[in-house]
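Two chains, two frames, a set of hints: combine them into the complex.
Residue numbers (the numbering used here), protein chains in the order written: chain A, 1 to 466; chain B, 1001 to 1582.
Just so you know, the hints here were simulated from the structure itself, not pulled from any lab data.
Since we're looking at a predicted model, the values are computed, not measured.
We put the CB at the ideal spot given by N, CA and C, even for glycine.
Be aware that a few hints might be false.
[As the list claims (entries may be wrong)] Below are the SDA-like pairs computed for lysine to any residue, each with C-alpha atoms no more than 25 Å apart in a straight line:
hint : chain 1 : residue 1 : chain 2 : residue 2
1    : A       : Lys115    : B       : Lys1460
2    : A       : Lys272    : A       : Pro197
3    : B       : Lys1530   : A       : Thr138
4    : A       : Lys115    : A       : Asp104
5    : B       : Lys1460   : A       : Pro188
[To be verified] Residues from chain B that face chain A, not an exhaustive set, calculated with beta carbons under 8 Å:
hint : residue
6    : Val1269
7    : Gly1403
8    : Glu1405
9    : Gly1491
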Amino acid sequence: VNKPVLALTDFGSTYTKVALVNSTTGDLLATAQAPTTVHNDVMVGYRNAVNRACSVANIPAAQVTSIASSSAGGGLSVGSIGLVDDYTAAAARQAALNSGAKVDLVISGHLDTEKLNIINKTNMDVLLFSGGTDGGHTKQVIANAKLIAGAIKPCPIIIACNKDISDVVATIFCDTGFEVTTTENVLPDIDTMNIDPARRAINKLFIERVIIGKGLSDAVEFSNTVIMPTPEAVLVATELLSKGTALQQGVGDILVIDIGGATTDIHSSLSKPPTRTGFRSRGPGLPTLMRSVQGDLGMRWNASSVCSQDEVWLKSILDLGTVSWRQVTNICEEWELQPHRVLTDKSIDSLIEPLLAISCAAIAIERHCGKTSAVYIPNQGVDLIQDGADFREIPLVVGTGGILIHNSDGTGVLERALRRQKAGHTLSPTNARAQIDSHYIMAAAGLLSTQNPDAALHLMRSSLQL
Amino acid sequence: MDSAAIDLSELIPKDLPDGREIVADGKALGKKVVIGESLYCKEKGVKSEREWREIAREKRIPCTCMNIGLSNWDETRDALENIYEDALVRGVRPPDRFNLIAERRMGLPKSSRADAPQETGPCLWDEKDWWELTQTVPIQPEAADNMIGGPGSVDNVLDALRVGITCVGVLSQYTWRWPYWDDEASQVIAVVRAAAVLAEKKKDGVVFDSYLEDGYPGVFHDYASYIGWAMLERYIAEDLIGAAYSSSWGGLTQNPVIKSAVTLALESVNPNRVPISFLQGDTIGNTPDFDANMAVLVNDLMFSKMTDLRYQLGTAPIAVPVTEVERIPDWKEVAQVQTISRKCEDYLPLIENTIDWKQIELLRDKLVAGGKVFFSNAIRIMSEMNIDVKDPARVLIVMKLLGPEKCEELFGVGEADDNYIRGRKPVLETDLVKQTMEKRATLLDTVSKLGPDARLENKKILVASTDVHEFAKFLLTSSLEAVGSDVIDSGINRDPEDIVKVALETAADSIVITTHNGVARTFGTTLKEKMEEAGVESSVFMGGVLNEDVEGSDVPVDVTRDLNALGIVTPHSLEDLLRALR
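The shape of chain B in the complex, shown without the other chains (with noise of 0.2 Å):
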């Protein structure tokens, strides 16, 4: 009821193949591909990990798994041996499997790496970078971060495949722009073509993993939307490419309870039970407190633990080392972790039945319930603006340029509520929508503390948002409601006319803009111009993210300068706004 009326086909680019053409292409190009044999497998006497993870979930033997990524490939070789060598010293079963965290460069196809800016992590430039990744020590990797998602998606795949790597990702990445590649046909088509290989091999065991929040789910306000949101990557890799799809997840989710919960829906929305391939471990609760952060990730092993050997699931939770939150893990900080993920298996019998598994449950079908309706929402309103929704080409950037707050404001389930910020009451609030409301209700208080002469009455103050980023603007709101000023609330996605229109007729006394979409400069000269034009003598404030793109830099600019000297101010917190605006 919200969508017909809108044509998103027009939005397509022209170039862009029938889906199902590229599929085709993809699986003739997988017969090709001969698969090798990881130290892993032929350890554990399989074909591939996922025949293991199937075996291990049936006799309940817990798995593990450690993302790895140092400064280059021969780095993260060497801390493979030392991590494997330390288990063996300690006495503790090695871990499982590791996702390799390569560098950005191996998300572009290979004849472009060479060219692209060097970031921090491992690329594999050669034969042999990729043989040592199965043949160092008995883990498993997965080719994860930058393998599939970028243009050079095909190109990893068949590399990934022919070394004996049975579970590539990371599909969610798509929605991910790489250094200078600015077709999204190309992309997708990359994307799907990589997947078609996967696909092909699926018969052998092998997997097209996802991890949900490096796409839209990180943003989401639901948890809802992210079951509906896997179930629409499942859709995607299964039913419309034939792959066996994994929706690995868990880096931004505090809450253990919860977490349980939304792994156990993710499973439930898992037909053909393909093992989850890893569950990432707690970001999000970790502190500069090193010690402290021992207490956020033995919760959360012992829940991700608890609930993938007594459902069965076959999962590997990761074990996020202390210091990642401050740092690039050394081999002993990622070592010491996984010690402590062994030595928590010991405890699991004597705590489980104690656990109260039928509240979990209770919240799982809650959140599966709301997942359904967010996929046939999905599915409907794609169909009814015009798309093909058998087409996994056209389904993945029609998704991807609607952009996160546009998917769940479309396709979300909770009951419309304009006290939330994306117009609905969520079936049940993300952590990360949590913590920012928590961060929201402290500023408020703060700022309501403030002594008179920090009191903003009488202020007219129009904010915008010059993208459509909702929460800075909603900070900003009602930090400024709360010193009493009289906010006009313009909106987001604002151009400079409209926000001249509306402070001509309401005369404000200040605009506030906030920007995070890399336009302020142009932005900043057209609103001035503007204003000029009509006569409208605002003060003008922008905050956010004060950079351009400018021709020969791959990074944006900062240009700060030039909007202080278009007269422009560009306070840099919201307390430096308020004393600003007095």
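Extracted from the complex, chain A is given alone in its bound form (with noise of 0.2 Å):
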């Protein structure tokens, strides 16, 4: 029997974080983190801000249960394998990161050595092999399956592909001693997208690996407690947030975006595309559920990234009298050196971190959002194609992420990279309202969706004022 008071943890790689919620109301009783202690036992730290969070909404430690979500340790690399860039492994590198795994590769087209070597060189928890849609291609997609079998050392893998020839795969990397579940095809027919069920097998995946394999804890109670990796939290929720229940409508289209240190994540949700008449779009329809990872936008261990593909920008708007150009580079070499350097509000950091903030936010939307493109063809017309999903009439955008949540005006910040000009092509958000996920609940409640839905819902509602 569950307890009433529920103790949703996030295993983030610096902080563990917990939100102490009503189960039934979806009530937010406390929060609380403390320091990761990934080189220890994670259970301590976990224990350390659960005490905390009790102390403060007074109930005893042991009247509550826990779910949890981690991203620590790295999460879960998955490679992802396909018959043509655009179909199959555009398919499977989706499925992937809606699990909320990190796509270490993606890979198409026939298995050359050069290829296989990178496949080995990658190192991935897990693979998830896609290829032909149902009823389709055959012959290529089980010469890559013996290629892989026979050149890679064995490890988890999904097959995701053609279902006429799934068995005869599966047999082959079994046969090769790979550790094989096998679900419905991520491409079943070429202009849509069935990628649910493999995001749900590399969850499966995830407990198993991460949980276990990767030696964070060894209380038996921390492979209990964890049930999903942090980001698929966030996605779950953004959904919950966006579609609602049976019982409570949802705040209709969304985009949620995490800027961390290392990543800038955006999650959205939207309502099925309306027909757009006058544009074609290519490739496979896209799921209305999406997450998107930028791996070269982070405000600690990517700030030079960010800040020399941003320069121009940053430099129209930090008033260069008062600090250099080579001080702003400085201090992002030494955050990437130093990545839990403390911040003091006197240090020029203060004055270049929320910059930095819009940087990777405004960049991360533009590149998650769709763009448009018009094409003349002489004697023909003009031929509009639209790449993406439209995200340009949606209403609200909620940040999460510690810089959002932890900035004084995290608000501001979000705002100001959603007015940013933007490229005039881009599909991204025109005239969304900011809104900061400032109790950091947002991967509580996709915790919290797996056993009360309406409680969930309720929560983000009332921490995010919607």
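What follows is the structure in structure tokens.
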């Protein structure tokens, strides 16, 4: 029997965050955090955080049960393999992203020695193998399976290819010692992605591999507690907040941005895209629920990368009389070397940090959103092409993650990112309101939704004041 | 909402000057022109054709029009004399006006005409030819086909005005391409400049005519789009350039009731009441049975004339010779239908009051409402696409670049509905679409009755178009589905690379390509190369217009043999294709 108070926990790389909630109503009772104890046993940090939260809420820690998500220890690394880049490989990549994994490799086509070497070197936790629509291509997909089975050291593999040959492919991998999971095709027909079965399969492996395999804790309590990767929890929460439950309406189309130290993640949920007469899209239709990860945009480990990518804007906005460009780049390099350095209000760092956050947000949003282009064909007319989803009309963007939550003006940072002059062809939000997840409850709500979606929606609505 | 985020200004030729400067320049040119006097205007005692039309509509005097253009000017002139004499002999009023259907070379600048390939139709070579246009018989000419629209527009306008022609067209033909002329900028400059000359002479009763079906409306699916398009042309011609604009139309509509409603809708969006220069007679109802065409002719004329007189439009219906469907009519065939047209006039008062005009007016109002939305969509969307909508040259060129399909998809007004090719349920489906859909239904009926050995069950067939034309692909996908095959609709405007990717994932048995844009050989060659690279073994079929532009030939050359040499099958008909796919 579940106790009414839940400790919704996020094992992050740096901090372990706990939200105490009433699991029946979704009322937030307290939040607290403590440094994640990766080098010891992560349960040490967890208990510190829970104890702090319980003392705030004045609840005995023994009365609390916990469910948790984790991104500690680097998360789950997935390699996506498909037949054609724009089709099965793209679907496999999106399935892995939506599962909250790090997609360290996407590969397609005939797998020659070079590609096999890359797979071998990338050292992934899981491979997601796709190729062919249902009833579609077989020959090269089977050939690719044989090549991988013969050249790669066995690892867990999820088969989500043409259903006609998934048994054949599974046998090939089983015979060479791979740990095989077979699931539905990520691209059953050429127009439609079907990524949720693969997403669930990856999640299941995540629990087994990351939780049990990475040695973060010896405690049974830990492996019983963690039910999903943190990005997955945020994506689940995003969908719930957007679409609502049977009893409560959602808030409609949204985009949730999480600016982290190493990456900037975006989660988005759209109602079914309206038929856009006059535009043509390339590749299969995208799912309405999408996560993207920008591996080169982060506040610490990627500070220099952000700085160089957005140099023109940063220079235009900085008062280069008070601070030189050299000082800016130096600070970014220091951040990369000392990611955990604490900022002081007086330091020049706090001037630069919000600007860097605006850069991360603006670039990540632009990449996540679709683009349009016009091509003129002589004697034919203009072809209007849309690549990716249209977010121009969405009413709300939610900001989460350390920098946006802890900055004194996180809303201002996000608003400035949204108002930045965008490239003309980008389908990014034009008039969205910015809202900060100031209590850091998005991941917590994703966890809670597995038990009580209505309580989870209430938690988000009240905490985000929606 | 569908349009923002596209910047079409990038597609506009860099050398296109500001349209307002072109207008100023054309008006200055117009000031120097002295308008001549035609026999017709002299006889009527008016300064311009428009002046007479305004009198005629006031007094309910029916006017008639004919199209004429024999193989050269001398023959055309003789035909005019004969037609005029014939009317006098028969005791009917001679035709009021004619549209000169000039040879295509007339669209080129004067200096380029002699070197261009000769086609059929009259070409006016010197002052004498032009003079004879207005001075042979008292029938008022319109300088129509190939006069305005091409790069030679300015030369033609000046010549036409000098000899007393006060109605010059055809604005919608600016969407055409002239042989050896690929310079879009100079062509549109010529059209705007010529229109500005006409604007300068508006006070003298000069009219700038269009014929809608020569432009994009001819392939529109919705009559509401016709009205919206006419509003766009009027906006450019009147509001931006300052001319008096007339939206002539009518050849592609068979239903006389619908035709009356569309004509009235066009009049409703004609605030300055410029008389619609002519109403073309129905051409799609005609068949090789000339006797049967008499019925098409008379019904069309009766309704057009009743609408004209009842609502005092001051237009001039054209009687289409019953033989025109098969050949260029000789003078006797033109005279025959002109006589019928005049005789019809006797019956109008007997019938007119028994027609339910209310029904036609309701239809008119629906079309006007739709047309206004089309127009405002167009202006808004073009502005969003970063086009200066106050510049006539830019608006013209961007509409030309968009092409008819895109214009109707973007600006169109019907409710969104995927069952229609252009993604919307038309406010009022055009007769052209109706006919084609009927053809499709017949075709599907035939196909579905084919025996079991004609069925293509378990065959996976990828269908794609190399160009923007959706209809051929639509026919293909529906007939292939009707014989039970598993159709993969890869869409329009596809590159070989796109097609190969889809064929690879789906392991399509066959690839069927429809092409109409003169790229058949290059496309076929690239497709086969890419298939080879990717290891795709599907069989390839191509149909449509299998030709390609080659250096040194004005017309694209047939490339069927080249395609066959590549191993591409080129069926001659749908039946052929179905057989070959088995």
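Hint by hint, here is what the structure shows:
1. A:Lys115 / B:Lys1460: Violated, because 31 Å separates the two Cα atoms, which is more than 25 Å.
2. A:Lys272 / A:Pro197: 20 Å, holds
3. B:Lys1530 / A:Thr138: 19 Å, holds
4. A:Lys115 / A:Asp104: 14 Å, holds
5. B:Lys1460 / A:Pro188: Within the cut-off at roughly 15 Å; holds.
6. Val1269: Since chain A brings no Cβ nearer than about 24 Å to B:Val1269, farther than 8 Å, the hint is violated.
7. Gly1403: 2 Å, holds
8. Glu1405: 6 Å, holds
9. Gly1491: 6 Å, holds
Checked against the numbered hints above, the structure breaks hints 1, 6 and satisfies the rest.
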